[in-house]
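Visitor: Sequence:
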Amino acid sequence: MLIHEGRIKAAFDAGVFVLKLYGDVRLTLCATLDRQAQQLAETPGLQTLIIDLRDATNVDSTALGFLAKVAMAVQGRLAERPTIVADNPDVQRMLDVMGFARYFTLVESPITETCELCDLPEVPADVEETRRRILEAHRILMRMNEHNREEFQPLVEMLEAQEASHHH
1 MLIHEGRIKA
11 AFDAGVFVLK
21 LYGDVRLTLC
31 ATLDRQAQQL
41 AETPGLQTLI
51 IDLRDATNVD
61 STALGFLAKV
71 AMAVQGRLAE
81 RPTIVADNPD
91 VQRMLDVMGF
101 ARYFTLVESP
111 ITETCELCDL
121 PEVPADVEET
131 RRRILEAHRI
141 LMRMNEHNRE
151 EFQPLVEMLE
161 AQEASHHH
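Quick note on the UniProt record's numbering: the sequence shown kicks off at 1 and runs consecutively.
Any given hint could be a false lead.
Unchecked claim - Quick list of the computed label-pair ranges, beta carbon to beta carbon:
#1 E5 with R149: 40 to 46 Å
#2 V107 with M72: 35 to 41 Å
#3 Q38 with R131: 15 to 21 Å
#4 R143 with D119: 28 to 34 Å
#5 D55 with H166: 33 to 39 Å
Stated by the list, open to error - With a Cα cut of at most 25 Å, we get these calculated DMTMM-like pairs of lysine to aspartate or glutamate:
#6 K9 with D60
#7 K9 with E122
#8 K9 with E42
#9 K9 with E108
#10 K9 with D90
#11 K9 with D126
#12 K9 with D55
#13 K9 with E163
#14 K9 with D24
#15 K9 with E150
#16 K9 with E146
#17 K9 with D119
#18 K9 with E80
#19 K9 with D87
It is worth saying that the hints were derived from the structure and are not from the lab.
Note that CB positions come from ideal geometry on N, CA and C, so glycine has one too.
Produce the complete structure using the sequences and hints provided.
Guide: Listed below in structure tokens is the structure:
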């Protein structure tokens, strides 16, 4: 099976915002997800947020941290929790273990299929920015549950040490 380079598409229709992830979604797409989180936080008329992972072959922990950030960006502004659509058992299990069920409604198929998804322009990020985002993503995940805290603490401590040494 070919591992496709990850990409993200989006659609906004009648209050429903759909973010659809394709292929291998990893930290290279973080800047794009981050920009999207900021835009969603400011989108008027947003009622429903659906993140569709059915076509994602893999989502790395940094990308997951930013999906959590997207959810947190719209918290309190939506009538119901954001929805994650995932039909792959591995992805479902990972979301479950990482505490996503507390912030999202996890479903296997979406209530509505969106008409027209457009490619999100990929936001480029330099190495320094990317490292900062990896750190931010894992800090977000660590706040979500105990499992993540234990899992990512070593990584976060290592990144923080790197960050500290870069500032001197």
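Visitor: Against the 25 Å threshold, does the CA-CA distance of K9 and E42 hold or violate the hint?
Guide: The hint holds at about 19 Å.
Visitor: Should the hint that E5 and R149 are 40 to 46 Å apart at their CB atoms be regarded as holding?
Guide: 31 Å, violated
Visitor: Quick one, are K9 and E150 close enough, alpha carbons at most 25 Å?
Guide: 32 Å, violated
Visitor: Does E108 sit within 25 Å of K9, going by the straight-line distance between their CA atoms?
Guide: 19 Å, holds
Visitor: With a cut-off of 25 Å on the C-alpha distance, tell me whether K9 and D60 pass.
Guide: 17 Å, holds
Visitor: Holds or violated: K9 with D119, Cα cutoff 25 Å?
Guide: Between K9 and D119 the Cα gap is close to 4 Å, so the pair holds against 25 Å.
Visitor: Given the hint of 15 to 21 Å, is the C-beta distance from Q38 to R131 inside that range or not?
Guide: 19 Å, holds
Visitor: What's the verdict on K9 and D87, does the C-alpha distance respect the 25 Å limit or exceed it?
Guide: 18 Å, holds
Visitor: Do the Cβ positions of R143 and D119 conform to the proposed distance bound of 28 to 34 Å?
Guide: 31 Å, holds
Visitor: For the pair we were handed, K9 and E163, check the Cα-Cα distance against 25 Å.
Guide: At roughly 32 Å apart (the allowed maximum being 25 Å), E163 and K9 break the hint.
Visitor: What's the verdict on K9 and D24, does the C-alpha distance respect the 25 Å limit or exceed it?
Guide: Cα-Cα ~13 Å, so holds.
Visitor: Could you grab the alpha-carbon distance between K9 and E80 and see if it respects the 25 Å cut-off?
Guide: 22 Å, holds
Hint violations for this structure: numbers 1, 2, 13, 15, 16, all remaining hints satisfied.
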